[in-house]
Amino acid sequence: MIDELVWMFTDPLMRRALVVAALVGLTAPVIGTYLVQRRLALLGDGIGHVALTGVAAGWLVGSVAGLTPHDALAIPGAVIAAIIGAVTIELVRERGRTGGDVALALLFYGGIAGGVLIISLAGGTNANLVGYLFGSISTVTSSDVWTTALLSVLVLTVGVGLRTALFAVCHDEEFARAAGMPVRVLNITIAVVAALTVTVAMRVVGVLLVSALMIVPVAAAQMVTSSFRRTMTTAMGIGVVVCLTGLSVTYWHDVSPGATIVVLAIGVYAAAAGVRGLRGRLGRRTPGDPHPHLADDVQIAAPGGR
Amino acid sequence: MTPAVQAAGLGVSLGGSRILHDVDLTVHDGEVVALLGPNGSGKSTLVRALVGVVPHDRGQIHLLGAPLGPKVAWDRVGYVPQRISAATGVPSTARDVVVSGTLHRRRLVPPRGARRRADQALADVGLADLAGRPVSELSGGQQQRVLIARALVRQPRLLLLDEPVAGVDLPSQEAFARTLAALAGQGTTILVVLHELGALAGLVARAVALRHGRVVHDGPPPPARDEHARPGHDHVHPHEGDHPTTADGDFSATLRWRST
Numbered sequence: 001m002i003d004e005l006v007w008m009f010t011d012p013l014m015r016r017a018l019v020v021a022a023l024v025g026l027t028a029p030v031i032g033t034y035l036v037q038r039r040l041a042l043l044g045d046g047i048g049h050v051a052l053t054g055v056a057a058g059w060l061v062g063s064v065a066g067l068t069p070h071d072a073l074a075i076p077g078a079v080i081a082a083i084i085g086a087v088t089i090e091l092v093r094e095r096g097r098t099g100g101d102v103a104l105a106l107l108f109y110g111g112i113a114g115g116v117l118i119i120s121l122a123g124g125t126n127a128n129l130v131g132y133l134f135g136s137i138s139t140v141t142s143s144d145v146w147t148t149a150l151l152s153v154l155v156l157t158v159g160v161g162l163r164t165a166l167f168a169v170c171h172d173e174e175f176a177r178a179a180g181m182p183v184r185v186l187n188i189t190i191a192v193v194a195a196l197t198v199t200v201a202m203r204v205v206g207v208l209l210v211s212a213l214m215i216v217p218v219a220a221a222q223m224v225t226s227s228f229r230r231t232m233t234t235a236m237g238i239g240v241v242v243c244l245t246g247l248s249v250t251y252w253h254d255v256s257p258g259a260t261i262v263v264l265a266i267g268v269y270a271a272a273a274g275v276r277g278l279r280g281r282l283g284r285r286t287p288g289d290p291h292p293h294l295a296d297d298v299q300i301a302a303p304g305g306r
Numbered sequence: 307m308t309p310a311v312q313a314a315g316l317g318v319s320l321g322g323s324r325i326l327h328d329v330d331l332t333v334h335d336g337e338v339v340a341l342l343g344p345n346g347s348g349k350s351t352l353v354r355a356l357v358g359v360v361p362h363d364r365g366q367i368h369l370l371g372a373p374l375g376p377k378v379a380w381d382r383v384g385y386v387p388q389r390i391s392a393a394t395g396v397p398s399t400a401r402d403v404v405v406s407g408t409l410h411r412r413r414l415v416p417p418r419g420a421r422r423r424a425d426q427a428l429a430d431v432g433l434a435d436l437a438g439r440p441v442s443e444l445s446g447g448q449q450q451r452v453l454i455a456r457a458l459v460r461q462p463r464l465l466l467l468d469e470p471v472a473g474v475d476l477p478s479q480e481a482f483a484r485t486l487a488a489l490a491g492q493g494t495t496i497l498v499v500l501h502e503l504g505a506l507a508g509l510v511a512r513a514v515a516l517r518h519g520r521v522v523h524d525g526p527p528p529p530a531r532d533e534h535a536r537p538g539h540d541h542v543h544p545h546e547g548d549h550p551t552t553a554d555g556d557f558s559a560t561l562r563w564r565s566t
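Chains as they are written, first to last, in my numbering: chain A, 1 to 306; chain B, 307 to 566.
Please note: incorrect hints may appear among the correct ones.
As the list claims (entries may be wrong) - Computed spacing ranges between beta-carbons, pair by pair: (1) A:150 - B:492: 44 to 52 Å; (2) B:522 - A:160: 50 to 58 Å; (3) A:275 - B:330: 54 to 62 Å; (4) A:67 - B:364: 53 to 61 Å; (5) A:275 - B:434: 23 to 31 Å; (6) B:487 - A:281: 43 to 51 Å; (7) B:317 - A:95: 36 to 44 Å; (8) B:419 - A:255: 48 to 56 Å; (9) A:145 - B:363: 50 to 58 Å; (10) A:274 - B:512: 29 to 37 Å; (11) A:145 - B:317: 52 to 60 Å.
As the list claims (entries may be wrong) - Quick look at which bits of chain B chain A covers, simulated, 3 or more residues with Cβ under 8 Å: (12) 357-370; (13) 375-387; (14) 394-405.
No wet-lab data here; the hints were simulated from the structure. Virtual Cβ for every residue (Gly too), placed ideally from N, Cα, C.
Using the sequences and the hints given, assemble the complete structure.
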């Protein structure tokens, strides 16, 4: 067993894959926390689908320009398309009530259809897209590792460094506006960072499961936490653990790493839900809980000058 | 001295219908002004337009002497929106919410000591012990007070509140009135949207009444307030009367709090 672990770590391919998986597991839940908070949990999916069109477009440009390999521009294409898609959703959302979900649906279907159409124009087949749909972490190069590291630093800097401001905007946009905060800039920042996260995570779990890495760890974390920061850090921890574990499993068993990671994450969610249920059953029975509220309220009503 | 709030010829239309017509409003430094009016009279819209949450298409707004926009001293303006639930999709504590109130246009990262200031603001509204609680576990009235603490944490010179005591029982209204009185005593200018003066009657020296988006009264609070205040009392007494009807005294007290 130990020998096999050592083997795993000495395999350069596996080492690179583990680094990328850890970085993605760490960063995806950061932006996922904000998406869950503003109840846009599916935004990552919408962006992922648009990114697929970007992949195909990058492929098309690459093959027209005669680059080798043909998909040299696939990731830059995905980044550009994802950013455009994310900012578009944000602007539609800001415009008002009319169909944020309809806009999202258009992105889902338009993204997939556009991707398939453009890849066939580029002389490729749908098979070329499969690696992007379901992830292709087994083929990461060392330049992929550097790109992922760079984007991760960016996501962490913005997502963690500006967390109070992003929290304020996601929590109560009206208050943020009334405080003179640059609400639109912050919203677009979230959208762009979400887009970057999607294109990074796409490598690991694929477009179809990318949103799971952003959302499921957060959903699991919030079962057992009570503060915003704790939710985010717990989610990041869960993300790293499931990504590393899931990937390691695939070293010995020939299963899809992306799917394994997501299934593990859902398992963690189920466990967290169980813990919460147990805690509720054991903890809430004690009559102590409603009392502190009460004593407090009576106190402020009683003394004269506070 | 420049007025804290100055709106001239203000017009707002939302979704194609005109909500405010040609509203003039000046609130002087240190004044406590109530904005009264029936539902749909535009009083909430007026306050929201004053802080730039809804756009105005006519007239000018000055806050603390600066035209609405980047030049306003946003760090001295506190706004309490009409009660939304203070809870969100991700668990957050009362302290999390209040710390976010230290931010403004020129400050996107909380200042040093923000946590201590947040705890102080929560103490000011009587929630010192609940700072670490998730807001989703607090009662409606407590959530309202968290939002007030979020506006107080920046030590505002101008405080705008949109129906802060709607649906809050009388003891909390009185506690809230004392908090406002203390702030007014320190020279804070207060503009508060109210349905009825209620517990704030003693504090409000001037009332502006709106009807159909126009100012119909500006001066001492309308005399009708005595009649208005009384139903408020009536509203509370039946709850107090609930006490003997339940066997468990504590539980009935909890019930009384549910009404917030």
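Inset, instruction - Hint by hint, work out which the structure violates, then give me just those numbers in ascending order. - result: 7 and 10
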